[in-house]
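Got chain D sorted already, so can you dock chain F onto it with the hints?
As a plain string of letters, each chain reads:
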Amino acid sequence: MNGITLTLRALHHGEKHFAGHLVTVAERHRTEHEIFYVATDLARWSREHVQRLADTGHHYGLNLDLGRAPGTSDPSGTGVLAVLREKAAEAMGRRPEPGLLLLRDLRELHLGATENSLYWEMLAQAAQAGKDDRLLALASSCHPRTLRQRAGQTP
Amino acid sequence: MDSSVDRIAQPWGGRTPYGRHDAWPTRVDTHLMEGVSPGDVQRWVRAASILHSDGDAMDIAVKDGRMVGVRGRAEDRVNHGRLGPKDLFGWQANASSDRLTRPLVRQDGRLVETDWATAMDRIVSRSKDLLQEKGPGSIGFYTTGQLFLEEYYTLAVLARAGIGTNHLDGNTRLCTSTAAEALKESFGCDGQPGSYDDIDHADVIALFGHNLAETQPVQWMRVLDRLDGNDPPRLLCVDPRPTQVARRATVHLAPRLGTNVALLNALLHEILRTGRVDHAYVEAHTVGFEELETRIKDCTPEWAAGVCDVPAARIAEAAEILGSADRLLSTVLQGVYQSHQATAAAVQINNIHLIRGMLGRPGAGVLQMNGQPTAQNTRECGANGDLPGFRNWENDQHVADLAKVWNVEPKQIPHYAPPTQAMQMFRYAEQGSIRMLWISGTNPAVSLPELSRIRSLLSQERLFVVVQDLFLTETAQLADVVLPAATWGEKTGTFTNADRTVHLAEKAVEPPDGTKPDLDIFLDYAARMDFRDKDGGPLIPWHDPESAFEAWKRCSAGRPCDYTGLTYDKLRGPTGIQWPCNDDAPDGTERLYTDGISWSHPDTCETYGKDLVTGASDSVVEYRSLNPDGKAMIKAADYVPPHEGPSADHPFQLTTGRTIYHFHTRTKTGRAPQLDAAAPDVWVEVSVADAAERDLGEGDLVEVSTPRGALRGRVRVTGIRPGLLFVPFHYGYWDTPAGHGPDENTPGRAANEATVTDWDPVSKQPLFKTAAAALTLVERGDGRPAPAPTTTASAPSGTGGERVPATTGGPSAHATQSAHAIRPEDAIRSAHAIRSEDAAQSATALRNGREEGSQ
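Residue numbers (my numbering), protein chains in the order written: chain D, 236 to 390; chain F, 720 to 1574.
A couple of the hints might just be wrong.
What the hints assert, rightly or not - Pairwise CB distance ranges (calculated):
hint: 1; chain 1: F; residue 1: Glu1012; chain 2: D; residue 2: Asp290; range: 18 to 28 Å
hint: 2; chain 1: F; residue 1: Asp1322; chain 2: D; residue 2: Arg339; range: 28 to 38 Å
hint: 3; chain 1: D; residue 1: His294; chain 2: F; residue 2: Glu1012; range: 23 to 33 Å
hint: 4; chain 1: D; residue 1: Glu283; chain 2: F; residue 2: Pro1305; range: 48 to 58 Å
hint: 5; chain 1: F; residue 1: Ala1304; chain 2: D; residue 2: Arg369; range: 48 to 58 Å
hint: 6; chain 1: F; residue 1: Leu946; chain 2: D; residue 2: Arg369; range: 53 to 63 Å
hint: 7; chain 1: F; residue 1: Ala1367; chain 2: D; residue 2: His345; range: 37 to 47 Å
hint: 8; chain 1: F; residue 1: Pro1030; chain 2: D; residue 2: Asp290; range: 50 to 60 Å
hint: 9; chain 1: D; residue 1: Arg287; chain 2: F; residue 2: Val1497; range: 29 to 39 Å
hint: 10; chain 1: D; residue 1: Pro379; chain 2: F; residue 2: Val1497; range: 31 to 41 Å
hint: 11; chain 1: D; residue 1: Lys366; chain 2: F; residue 2: Thr993; range: 18 to 28 Å
hint: 12; chain 1: F; residue 1: Val1497; chain 2: D; residue 2: Ala372; range: 33 to 43 Å
hint: 13; chain 1: D; residue 1: Asp300; chain 2: F; residue 2: Lys853; range: 44 to 54 Å
As the list claims (entries may be wrong) - Just some of the chain F residues that point at chain D, by a computed CB distance under 8 Å:
hint: 14; residue: Arg1146
hint: 15; residue: Glu1149
hint: 16; residue: Gln1150
hint: 17; residue: Gly1151
hint: 18; residue: Ser1152
hint: 19; residue: Asp1232
hint: 20; residue: Val1332
hint: 21; residue: Thr1333
hint: 22; residue: Ala1335
hint: 23; residue: Val1359
hint: 24; residue: His1362
hint: 25; residue: Gly1364
hint: 26; residue: Gly1442
hint: 27; residue: Thr1476
hint: 28; residue: Trp1478
Just so you know, these hints were derived from the structure itself, not from any lab. Note that beta-carbon positions come from the ideal geometry of N, C-alpha and C, so glycine has one too.
Chain D on its own, in the form it takes in the complex:
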């Protein structure tokens, strides 16, 4: 296990977690329409990143559990927990308090994207140092989206 495989593993975990977090936040704030739709769209990018990291991992002897990134199994959001979250959001839709919860969720998402961004930066540096074009291409293609995900979660 070297720095590259560690970073790939950490990123794989981070992107997968982030996709799940976006979907959860979308469901929790179902009545905040823009949050719901944009977070759902942004989750798609992280799921793509998870797939590409897994594909790349094979070249470094990593068998990253593809599993199912949260949300992919159930794009319509009909899982029990998802339905509970959405119903709760609808029940609270006329009250101002969830606004504070939303601010907390956006802050968490922002920090999550920042963490992923740091890993992408590390991966890019390692790729440049090792003249690893495959890795550099992966980081150059995914990192800008992570930055856009972060900007998209600024309250």
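Quick look at chain F alone, frame taken from chain D:
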């Protein structure tokens, strides 16, 4: 020379063919009330059309203090005398017997008549209580695209500097916010690049989601006249419906809903692949070309064909037309703006022009269109979720400058976050942070998406709703206070069309007793609230339309929409004038960007831009590094699939839209007999293939449903794209027994019962054209056709289509057309002399309080 034409049966009237680069011949359209002859008309009073965004100049005929007809203005640059059906007949609604003439207040759950003092006092005391208890953020204003410039400006000052609220937007959010945003993203600032005169010079006219024939019928007449003349243009039409534009197009693409970005990326891909890029222009005037090149590398026509369900060969043909154009004019409207990825798509159309260098020359231009007549002014005056004069809310210098114009402290103007957009304002009202919502000149209970939600949130006890309108609209029925307003023809003011042409519309008749012009209502509120500037003087010192206009001129000075060279007197000249109009351009400005990109410098621009997918704002630092010298920005965007696609339960795509005979929620056009009869009720357009498969025929009653709600209408089988349903959005409930919404006896009738609450993250424009729906038969037709016009995109098709009687208007719909033999230059000269005398007379007559002048 004169002929009389049924303008319901022939909405575009007769042809006056002309060749490329020639002047469009004049044709003066006149409609007078039955029994009134031109000789009976005592005064002709200057105005322009208020029922669409074209800005067709006209005169209102007045006899014995009443409006008796209209006539197009021959000398005006916009319409050369022509009028569309809505203008010829719509004015009659002013005299409708159900005009509101007394303020109403809610008492024990019912609206009861009261006087102005009582109604205004309720609004003022609620405003003051809320300001004290909850602060300025508890008050919101939702206005329109149908008032006058002077009214929007006054509203913007009282809301932003008087109340100090961030919550002010217009229903322009539903119609034109993507146009503004796309211009800001590409050029750094709002401002229509092109001119209607480009139609005279273009060899290719590309219409993207723009049913020009029905939304701006007079410019369609111009296109028809060019098609019949020498060296006619080729038309490219992107529209899923068989519009009149589609029928006349060289290439017609009817893509699957929600795939505009994929299609446009493929068109850009082909333009690049075939080497049609103007590299010198790109180098001199743009940034971002390399990024576009990379992003569309794989967007081949074959790829797009799969996404859009349009043959790859057609896409290649369309790209060939765009690529081989010598002067390309593109126009864009709701098919792009009210769709998924609205701004991203509209920006790609700007990109076509930027990479081909098709800007700032006769015939080479972009028209990012507006829907409503005065939407342009909502944008300029900052009544739309932007600061007045296209100022940048993130630029402290701009805010300080505005504060100086208003003589207030900069901190009095909220700029800590973006001005609140309409959809979010309704969300705040739903969630309880907005407690007072003042709605002027618009009808959200019919025009916003997901109507059951809108009705429910407007009905909340805790929300104080003020509605200012001409009639007891669906929205007014849910209000706590209703203010009866005077309208076009009864008040004076200016407004600006989609190609920056400013017109003056003067008061022709007295408003009905008991009503007040919108300007007077806002001024009265400001006076009662006693808004002050930082030196203790009145915040709003003006008192009438002309003094409001002069105040606006000071606010516009030095900004792109510079009005400083205009006066009411100058606007009484022969023709409307295009801004910017100032010392440098005293006759106005025909085209923007004739010599580079003028308003995108970091110190000048209206915005630092947004991410086209997430909508997140870019920072000034990013903007400066990307675009330090202020060039046009080529912004690429990846295709993102729509949020709601057809499924087993909801197998159809659903889109909503308009017809030539109606405007918005029919508040006026539904009260003009000729227009009402031409399209009296809602209908559902179904394709020939889907009708056959489901055994549906003309006139069958069907239900269209989505998870949000349902509506019922009669089937019209047309050449629409298979798998797609179309429902016009004009119809609501004011002319049903139910009043403001469906009940046990009145099924859903409004298209927006079914639409989704979702919007473009960049322009915040709602998606009226991307939803999935189910279609079920309710009952077989009784042989009567659907109430849909046959003259337009809703023309019948397939078997049985020929049995549907043609839409006609009969004798009351006849209008005269006179083709002037005089050369346009002569017309302008002679008209100048006559008209200014005419105008001076009517102005004097009005000042003297007399109703009738003599001509």
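A quick look at each hint next to the structure:
Separated by about 26 Å at the C-beta atoms, Glu1012 (chain F) and Asp290 (chain D) satisfy the suggested range of 18 to 28 Å. Take Asp1322 (chain F) and Arg339 (chain D): their Cβ atoms lie about 37 Å apart, and the range 28 to 38 Å holds. Checked against the hint of 23 to 33 Å, the C-beta distance between His294 (chain D) and Glu1012 (chain F) comes to roughly 29 Å, which is consistent with it. As the Cβ distance of Glu283 (chain D) to Pro1305 (chain F) is approximately 56 Å, the hint placing it in 48 to 58 Å holds.
At roughly 57 Å, the beta carbons of Ala1304 (chain F) and Arg369 (chain D) sit within the given window of 48 to 58 Å. Taking the beta carbon of each, Leu946 (chain F) and Arg369 (chain D) are about 56 Å apart, inside 53 to 63 Å as hinted. Distance hint check for Ala1367 (chain F) and His345 (chain D): the Cβ-Cβ separation is about 38 Å, which falls inside the suggested range of 37 to 47 Å. Distance hint check for Pro1030 (chain F) and Asp290 (chain D): the Cβ-Cβ separation is about 33 Å, which falls outside the suggested range of 50 to 60 Å.
In this structure, Arg287 (chain D) and Val1497 (chain F) break the distance hint of 29 to 39 Å, their C-beta atoms being roughly 50 Å apart. The hinted window of 31 to 41 Å between Pro379 (chain D) and Val1497 (chain F) is violated, with their beta carbons roughly 51 Å apart. Checked against the hint of 18 to 28 Å, the C-beta distance between Lys366 (chain D) and Thr993 (chain F) comes to roughly 37 Å, which is inconsistent with it. Evaluation of the 33 to 43 Å hint for Val1497 (chain F) and Ala372 (chain D) yields a failure: the beta carbon distance comes to about 57 Å.
Our hint of 44 to 54 Å for Asp300 (chain D) and Lys853 (chain F) holds, since their Cβ atoms are close to 51 Å apart. Because the closest C-beta pair between Arg1146 (chain F) and chain D is about 7 Å apart, less than 8 Å, the hint holds. The beta carbon of Glu1149 (chain F) comes within 6 Å of a beta carbon in chain D, closer than 8 Å, and the hint placing it at the interface holds. Proximity of Gln1150 (chain F) to chain D holds as hinted, the smallest CB-CB distance being about 6 Å (cut-off 8 Å).
Taken as an interface hint, Gly1151 (chain F) checks out: its beta carbon lies about 5 Å from the nearest beta carbon of chain D, inside 8 Å. The beta carbon of Ser1152 (chain F) comes within 6 Å of a beta carbon in chain D, closer than 8 Å, and the hint placing it at the interface holds. The restraint placing Asp1232 (chain F) at the interface with chain D is violated, with a minimum CB-CB distance near 41 Å, outside the 8 Å limit. Annotation: Val1332 (chain F) was flagged as interfacial toward chain D, and the flag holds, the nearest CB pair being 7 Å apart, inside 8 Å.
With a least beta-carbon distance of about 3 Å to chain D, the hint placing Thr1333 (chain F) at the interface is held under the 8 Å criterion. A cut of 8 Å between beta carbons decides the hint on Ala1335 (chain F): the least distance to chain D is about 4 Å, and the hint holds. Given hint, Val1359 (chain F) at the interface with chain D, holds; its Cβ is 6 Å from that chain's nearest Cβ, closer than 8 Å. Because the smallest distance between the Cβ of His1362 (chain F) and any Cβ of chain D comes to about 6 Å, under 8 Å, the interface hint for this residue holds.
For Gly1364 (chain F), the interface hint is violated, the least distance from its beta-carbon to any beta-carbon of chain D being 11 Å, above 8 Å. Among the interface hints, the one on Gly1442 (chain F) is violated; its C-beta lies about 21 Å from the nearest C-beta in chain D, farther than the 8 Å criterion. Evaluation of the Thr1476 (chain F) hint against chain D yields a held restraint, the C-beta minimum of about 5 Å falling below 8 Å. Annotation: Trp1478 (chain F) was flagged as interfacial toward chain D, and the flag holds, the nearest CB pair being 7 Å apart, inside 8 Å.
Of the numbered hints given earlier, the model fails hints 8, 9, 10, 11, 12, 19, 25 and 26; all others are met.
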